[in-house]
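Enquirer: For reference, the chains in residue letters:
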Amino acid sequence: MAREGIKEIFDAIERNPQFRTTASVVIARKQTAEQLLSVLTPIDKIPANQMIKTLEMTETVWGENLNVHAGEIIEDFSLAGKEIVMSSFRLDRNLKKGQQQENVQFVRPPARLRASELAMFKNGKLVRWISGEEARGVLWILNKIKQTAITVDWEGKEESVSYKVMRAKTEIAAKMKKGKPVLTIHVETEGDVGEVLVPIDFTNPANITNLETKLRKEIKKEIQKAIQQAQREKSDIFGLGEVVHRSYPEKWKKMKQTWNEQYFPNISVHVTVDTFIRRTGLRSNPYFP
Amino acid sequence: MEQARISARQLLMLAILFEHGSAMVIPLGIDAKQDVWLAILCGMVLGGGLFFIYYRLFTYYPSLPLTAYSQQIVGPFFGKIIALVYILYFLYIAARVLRDFGELLLTFAYPETPLFVLNAVMMLTVMYAAYKGIEVLARTGELFFFSLYFTAFSGIALVVAAGLIDIHRLQPVLEEGWKRVFRIVFTQTLYVPFGETVVFTMLLPYIQKHEKAKMVGWLAILLSGLNLAFIMAINIAVLGADTVARSTFPLLNTIREIRVANFLERLDVLFMIALVVGGFFKISLFFYAGVIGAADLFRMPQHQRLVYPLGISVLLLSIAIASNFSEHIKEGLNIVTLYMHIPLQVGIPLLLLLFAIIRHRSSFLFRKQEKK
Numbered sequence: 009m010a011r012e013g014i015k016e017i018f019d020a021i022e023r024n025p026q027f028r029t030t031a032s033v034v035i036a037r038k039q040t041a042e043q044l045l046s047v048l049t050p051i052d053k054i055p056a057n058q059m060i061k062t063l064e065m066t067e068t069v070w071g072e073n074l075n076v077h078a079g080e081i082i083e084d085f086s087l088a089g090k091e092i093v094m095s096s097f098r099l100d101r102n103l104k105k106g107q108q109q110e111n112v113q114f115v116r117p118p119a120r121l122r123a124s125e126l127a128m129f130k131n132g133k134l135v136r137w138i139s140g141e142e143a144r145g146v147l148w149i150l151n152k153i154k155q156t157a158i159t160v161d162w163e164g165k166e167e168s169v170s171y172k173v174m175r176a177k178t179e180i181a182a183k184m185k186k187g188k189p190v191l192t193i194h195v196e197t198e199g200d201v202g203e204v205l206v207p208i209d210f211t212n213p214a215n216i217t218n219l220e221t222k223l224r225k226e227i228k229k230e231i232q233k234a235i236q237q238a239q240r241e242k243s244d245i246f247g248l249g250e251v252v253h254r255s256y257p258e259k260w261k262k263m264k265q266t267w268n269e270q271y272f273p274n275i276s277v278h279v280t281v282d283t284f285i286r287r288t289g290l291r292s293n294p295y296f297p
Numbered sequence: 256m257e258q259a260r261i262s263a264r265q266l267l268m269l270a271i272l273f274e275h276g277s278a279m280v281i282p283l284g285i286d287a288k289q290d291v292w293l294a295i296l297c298g299m300v301l302g303g304g305l306f307f308i309y310y311r312l313f314t315y316y317p318s319l320p321l322t323a324y325s326q327q328i329v330g331p332f333f334g335k336i337i338a339l340v341y342i343l344y345f346l347y348i349a350a351r352v353l354r355d356f357g358e359l360l361l362t363f364a365y366p367e368t369p370l371f372v373l374n375a376v377m378m379l380t381v382m383y384a385a386y387k388g389i390e391v392l393a394r395t396g397e398l399f400f401f402s403l404y405f406t407a408f409s410g411i412a413l414v415v416a417a418g419l420i421d422i423h424r425l426q427p428v429l430e431e432g433w434k435r436v437f438r439i440v441f442t443q444t445l446y447v448p449f450g451e452t453v454v455f456t457m458l459l460p461y462i463q464k465h466e467k468a469k470m471v472g473w474l475a476i477l478l479s480g481l482n483l484a485f486i487m488a489i490n491i492a493v494l495g496a497d498t499v500a501r502s503t504f505p506l507l508n509t510i511r512e513i514r515v516a517n518f519l520e521r522l523d524v525l526f527m528i529a530l531v532v533g534g535f536f537k538i539s540l541f542f543y544a545g546v547i548g549a550a551d552l553f554r555m556p557q558h559q560r561l562v563y564p565l566g567i568s569v570l571l572l573s574i575a576i577a578s579n580f581s582e583h584i585k586e587g588l589n590i591v592t593l594y595m596h597i598p599l600q601v602g603i604p605l606l607l608l609l610f611a612i613i614r615h616r617s618s619f620l621f622r623k624q625e626k627k
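If you read the sequences in order, they're chains A and B. In the working numbering, each residue's number is its place in the first sequence (first place is 1) plus 8. In the working numbering, each residue's number is its place in the second sequence (first place is 1) plus 255.
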C-alpha cells in the first residue's frame, strides 16, 4: 500500500467533520494494518491505544520514533519543500497466537506490537526504511528530540559513556552562496551523565569538556548520516526546502519544481552542535578505579 | 544600617542555621577520608580563633559594620575599596550557595526543571526576607531552628534504629597521620563553614547586649562544628569513606538507606527540609550583608531600594558562574579558597585588627599625655 502511494487517501479524513486530523498515523510493516489491529495487547484493551501510547513514549524518551498527526502529513503534502516521514509498527513473533485471548495472559506475550523503523516517503510513495542512529539524526533535524541517551567511546572502550539528553533545540538557517542554497543546522543540547563503564574523574572539569567534544562529534555524525540517506533517495524529509522558501521567496520560485531532484541531493549542509553536560547525577566518580 | 535590634538568642539561632546551611549536605572536607570529622573539629577550633578577630574588631567599633569601620581604620580611600571588595564577596558567595542549592534540588528532585526556575524561586524568597530586614529574618530563624533540629534528631534516631551504623568504617583513624587532616583543615574546613562567620561582622552591631556577642559566636561555632563533625562521621559510618567521597550529596544517600519496620522508608523529604531551610538562611545572610554593606557604602538611607537590582544580579550570577556542576565545585575548592576565603576571612580582618590596635593605643597615649 505505502509503496504504491498514499497521497490521495487523506482527503476524506480532512473533509469528514467526524474525523479529527490530530489522529496519529503509522505504517504497518510486514503485516497489514488489519492484522496489526487484531492483536490483543496486555496493557491496553484497544490495540490502537497501545500503539499511540508506545509511540508517544518512545518519541519522548528514546527519540528514534516519530509521532506524526494526519494534519501534519496533509500539510507536508501541500508544501513543495517537505517530504513525509513517519513511524512504522510491526508485530513481534507470532501473529496467530496474538489474535487469541491467551496473548494477554503471558508476562511476555507471544505476539507484541513494536514501534520500528521510520518510513521515508517521496511523492507519497514509501522509498526507504530508516532505523537506529540515522532515525535519531532525522529527529534531531526535525527538532523533535526531547530526551534520549547517546553513548560514546572513552579511552578505547566502545560505548562506555552514556549521556542523557534532557533538553534539545535545533535551528536551521538558509543562505545563498553563488546562487546555490547553503544550509546551517545548529543543535543545542543540555543533559547529564547517565552511565559510565570506565573510570572517569568527573571532579576534573577538563574531562567533562572532553566528553562534550566527543558527544558533539557523535551527534553531528548522526545528523550527517541522516542527511546523506535522504539525499541518496532525493527526498527532502527535513523540510530544508521550506527553510529556503521562507528566507528567499523569490529564488525559491525557480527552484521549487526541481528542488527534490536537482537541488536537494547536492545541497551543502553545515552542522554545528553545542553539547552541555550540566551534572553527573548522585555520584561524581564511578566506584571502580 | 537599619534601625533594628535582635536579641542574643536570635543571633545564635541565625548563626547556627547559617553554619549548617550548605555545609551539611555537601561532602565537606572529604579528601581527609575517614578522618574528616577530625578535620571538621580542628577547623572548628581554629574557626573560633578567627571569630575572635572579628569580635575584637567589633569591640572597637560596636555600632558599625565592617564596611564602615574599615573606612575609619585605614582611611576613607582604602577603607572604601575594602568595603566594596567585601560587598562583592558577600554577593558572590550568596550566588555560589544559590547555585549549590539549585543544583542539589535539580539532581535528585526536579531533573527536568531548568536551573533558572529553581534559583529564581529561592532568590525571590531571599529578596523578600532581605527587604523585610534583619528583625524579620531573625524571627524566621527562631521558627526554623526548631524544625531543623527536629529533622536532624529524627533523622539520626532513624539511622540508629535502622542499624545502619558500622563504627568500623571510621577506622583506621589517622591512616595517613595528622598531616592529611591539617592539609584539609587549612585548605577547606577552616573557611567553609567556619571562616564564613566573617559575615557576622556585618550583623553583630544589631545585637542588643554587646557583651554577649563573643559567647554567641563561639557557641554557634562550637555547636555547629560538633553537629557537622557528627553528621559526617555518621555518613561515613553508614556509607563508607569511598561512597561519601563519590557522592554529590552524602547526607541524602545516608537518609535513603533508612528502612525501619518496612514502612519508614523513602525519607528523602527530611533531606529536602534540611537543604531548603539551611540554604535559605545561608543565602539570605550573605545577601543581606551585601545589601546593607552597599547601602552603607553608597549612603542610601533605605537598603530596600537595593534589594531588587542586587537580587537579580545574584540570580543571574548564580547561573553564569559555571557551565556544569563539577566546574562549580572545582572553582569553589581551588580558586575561591585561595583568592577569596584566605585573604578576606583571615588576611584583611587580621590587618584591620592590627591597625585598629595601633590606632587605639596611640590615641589612648595621646589622651593620657593631654591629661598630664
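Keep in mind that the hints were calculated from the coordinates and are not lab data. Just so you know, not all the hints are guaranteed correct.
Just the calculated beta-carbon pair ranges, DEER-fashion [as the list claims (entries may be wrong)]:
| # | chain 1 | residue 1 | chain 2 | residue 2 | range |
| --- | --- | --- | --- | --- | --- |
| 1 | A | Thr211 | B | Ala516 | 36 to 44 Å |
| 2 | B | Glu586 | A | Glu64 | 37 to 45 Å |
| 3 | A | Phe284 | B | Pro564 | 42 to 50 Å |
No more than 27 Å apart at the CA atoms, straight line, and that leaves these computed lysine-lysine pairs for DSS-like [to be verified]:
| # | chain 1 | residue 1 | chain 2 | residue 2 |
| --- | --- | --- | --- | --- |
| 4 | B | Lys585 | A | Lys172 |
| 5 | A | Lys222 | A | Lys15 |
| 6 | A | Lys183 | A | Lys242 |
| 7 | B | Lys464 | A | Lys222 |
| 8 | A | Lys228 | A | Lys186 |
| 9 | A | Lys152 | A | Lys15 |
The following residues of chain A were derived to be distant from chain B, with all beta-carbon distances above 10 Å [what the hints assert, rightly or not]:
| # | residue |
| --- | --- |
| 10 | Pro55 |
| 11 | Val112 |
| 12 | Leu150 |
| 13 | Met174 |
| 14 | Lys185 |
| 15 | Glu241 |
| 16 | Val277 |
| 17 | Thr280 |
Owing to the predicted nature of the structure, the values given are computational and were not obtained by experimental measurement. Glycine included, every Cβ here is placed at the ideal spot set by N, Cα and C.
Enquirer: None of the hints should be skipped; say for each whether it holds.
Expert: We went through each hint and held it up to the structure:
1. Our hint of 36 to 44 Å for Thr211 (chain A) and Ala516 (chain B) holds, since their Cβ atoms are close to 38 Å apart.
2. Range check, Glu586 (chain B) to Glu64 (chain A): about 41 Å between beta-carbon atoms, so the 37 to 45 Å window is met.
3. Against the hinted window of 42 to 50 Å, the Cβ-Cβ separation of Phe284 (chain A) and Pro564 (chain B) comes to about 29 Å, which falls outside the hint.
4. At roughly 23 Å between alpha-carbon atoms, Lys585 (chain B) and Lys172 (chain A) fall within 27 Å of each other, so this suggested pair holds.
5. Pair hint Lys222 (chain A) plus Lys15 (chain A) does not hold up; C-alpha atoms about 41 Å apart against a cutoff of 27 Å.
6. In summary, the hint linking Lys183 (chain A) to Lys242 (chain A) is supported, as the alpha carbons are separated by about 21 Å, within the 27 Å threshold.
7. A threshold of 27 Å between alpha carbons decides the hint, and for Lys464 (chain B) with Lys222 (chain A) the separation of about 61 Å lies outside it, so the pair is violated.
8. For the given pair, Lys228 (chain A) sits about 26 Å from Lys186 (chain A) by alpha-carbon distance, which is consistent with the 27 Å threshold.
9. The straight-line distance between the Cα atoms of Lys152 (chain A) and Lys15 (chain A) is roughly 24 Å, inside the 27 Å bound, and the hint therefore holds.
10. Its beta-carbon lying about 30 Å from the closest one in chain B, Pro55 (chain A) satisfies the requirement of being farther than 10 Å from that chain.
11. No Cβ of chain B comes within 10 Å of the Cβ of Val112 (chain A); the nearest lies about 32 Å off, and the non-interface call holds.
12. The non-interface label for Leu150 (chain A) is consistent with chain B: the shortest C-beta to C-beta separation is roughly 21 Å, beyond 10 Å.
13. Not every C-beta of chain B lies more than 10 Å from that of Met174 (chain A), the closest at about 6 Å, which undercuts listing it as non-interface.
14. For Lys185 (chain A), the requirement that its beta carbon stay farther than 10 Å from each beta carbon of chain B is met, with the minimum near 33 Å.
15. At roughly 36 Å from the closest C-beta of chain B, the C-beta of Glu241 (chain A) stays outside 10 Å, upholding its exclusion from the interface.
16. Consistency note on Val277 (chain A): stated as away from chain B, and its beta-carbon is indeed over 10 Å from all of that chain's, at 28 Å minimum.
17. Distance check on Thr280 (chain A): its Cβ is at least 17 Å (rounded) from any Cβ of chain B, clearing the 10 Å threshold; non-interface status holds.
Consistency note: the structure conflicts with the earlier hints numbered 3, 5, 7, 13.
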